[in-house]
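Protein chains in written order, with the working numbering: chain A, 1 to 261; chain B, 1 to 127.
Incorrect hints may appear among the rest.
[Stated by the list, open to error] One-sided excerpt, in silico: chain A residues whose CB lies under 7 Å from chain B: (1) Gly201; (2) Ala204; (3) Thr229.
Think of the hints as simulated: they come from the structure by calculation, not from any bench. Yeah, the Cβ is synthetic: ideal placement off N, Cα and C, and Gly gets one too.
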Amino acid sequence: MTKRSTLAAPTDFPLTPSPMPRPAIHRLLILIPVLAVLCFLVGLLTSEPVGRVAPNAPSAIAPSHNTSHLTPATYVTYNYEAPGQPHRPHDTAPTYDYEPSHDFSGSLALSTADSPTDYIPSRPRSIRPQAQANAPNSQNYTYDASGIFNAAESAAASGVKEGATIYRVFGGEARGLGRSWTTVAPDAVADFRAAGGLFEGNTAEYVATARLRSLEGVTFRTALPGPTTPPGALQIPELLFESRPVPGVNLDLLSVGGWPH
Amino acid sequence: MVLYLTTAGEYKLLSKPRACSFVRRLRDVNRDDYMLVKIDPPLIGQSFGLGGNDVTELLLSTRHQGFSLFPTYRGPMEVYVARVVDPAVLSAESFTRDQVQLIAWGTVFNDLEKATARALELEAELI
Chain A
1 MTKRSTLAAP TDFPLTPSPM PRPAIHRLLI LIPVLAVLCF LVGLLTSEPV
51 GRVAPNAPSA IAPSHNTSHL TPATYVTYNY EAPGQPHRPH DTAPTYDYEP
101 SHDFSGSLAL STADSPTDYI PSRPRSIRPQ AQANAPNSQN YTYDASGIFN
151 AAESAAASGV KEGATIYRVF GGEARGLGRS WTTVAPDAVA DFRAAGGLFE
201 GNTAEYVATA RLRSLEGVTF RTALPGPTTP PGALQIPELL FESRPVPGVN
251 LDLLSVGGWP H
Chain B
1 MVLYLTTAGE YKLLSKPRAC SFVRRLRDVN RDDYMLVKID PPLIGQSFGL
51 GGNDVTELLL STRHQGFSLF PTYRGPMEVY VARVVDPAVL SAESFTRDQV
101 QLIAWGTVFN DLEKATARAL ELEAELI
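Here chain A stands alone, though its shape is the one from the complex:
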């Protein structure tokens, strides 16, 4: 019995040479564009960038954090050193030594402003802890003539300058031109009564704003919590005049208004 194939098509084909053999030159023509693409990719990886970053371009020195959300009072400018050589992708990353050109300290910086026209915050709710930590040299303790430990220091040594804007919250028993002032805008503190340790006779109905005219007889001190201060309350710095300040001599009154607004 003869085996029969079950396939529909014949399984044997004649092996005959192609009537149009492909020449070698044609194969090379196919390889050329492939090689060209490879060369282009290799070139991209090894060559310098087309648009080189200028050494002083802001993008090359911008701090890693986003500063666009900062208020003018807290924004700082940076000093930096431009590198001697242009930036290359595979060079060691250049290091920039930059530091704040001003010792701004958040809202506290308002107090040491040289001009009353400097930025005043709209109504921030509270002073950030960083601002408190940067209060002008509040931790620079000194010793008085008798060698007694003394945290009070002259306003000049504290960094407070003539022309600084100072504030006093008063009303009731507390008079407008008292000895105690602060460099912190009352609006910048969430609970100014606690932060300032105001006594109950001080109704805190008004706020006087003045420009410090003279540092003579003025000491700078940081407040301690009082017996009615809530735990953890911010304590603000204080400028204490030796005697009642005289407008035109010790300070220039800028405004007296109702408070809180």
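Position chain B against the provided structure of chain A, taking the given hints into account.
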């Protein structure tokens, strides 16, 4: 130890110097250097709604960092002046902010003459 307290320039009722005699050291959640003192002459209690009962004890504490009423007097110091609202404080070692009332800022001296001179100086400025 006797200190002399005046609140001249800030609070009229205690402008005239008061002798302050140490009674007890107290603390609260913030600090441990409050000085409970007995004052002479007493503070009239009417302004605090106490009727005929005068205020005879006050609670003093320094107002600025680096200053303390303990362990010893170190020259004139700016102080918080509080009165005791809850009598339990008079025999306690600690208190809460609800048991006292901050009534003034003042200055303490260890010398009556210095306290009086300072009080007169500050009051004269107000005239």
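Comparing the hints with the structure gives:
1. Gly201: Holds. Min distance 6 Å.
2. Ala204: 13 Å, violated
3. Thr229: 6 Å, holds
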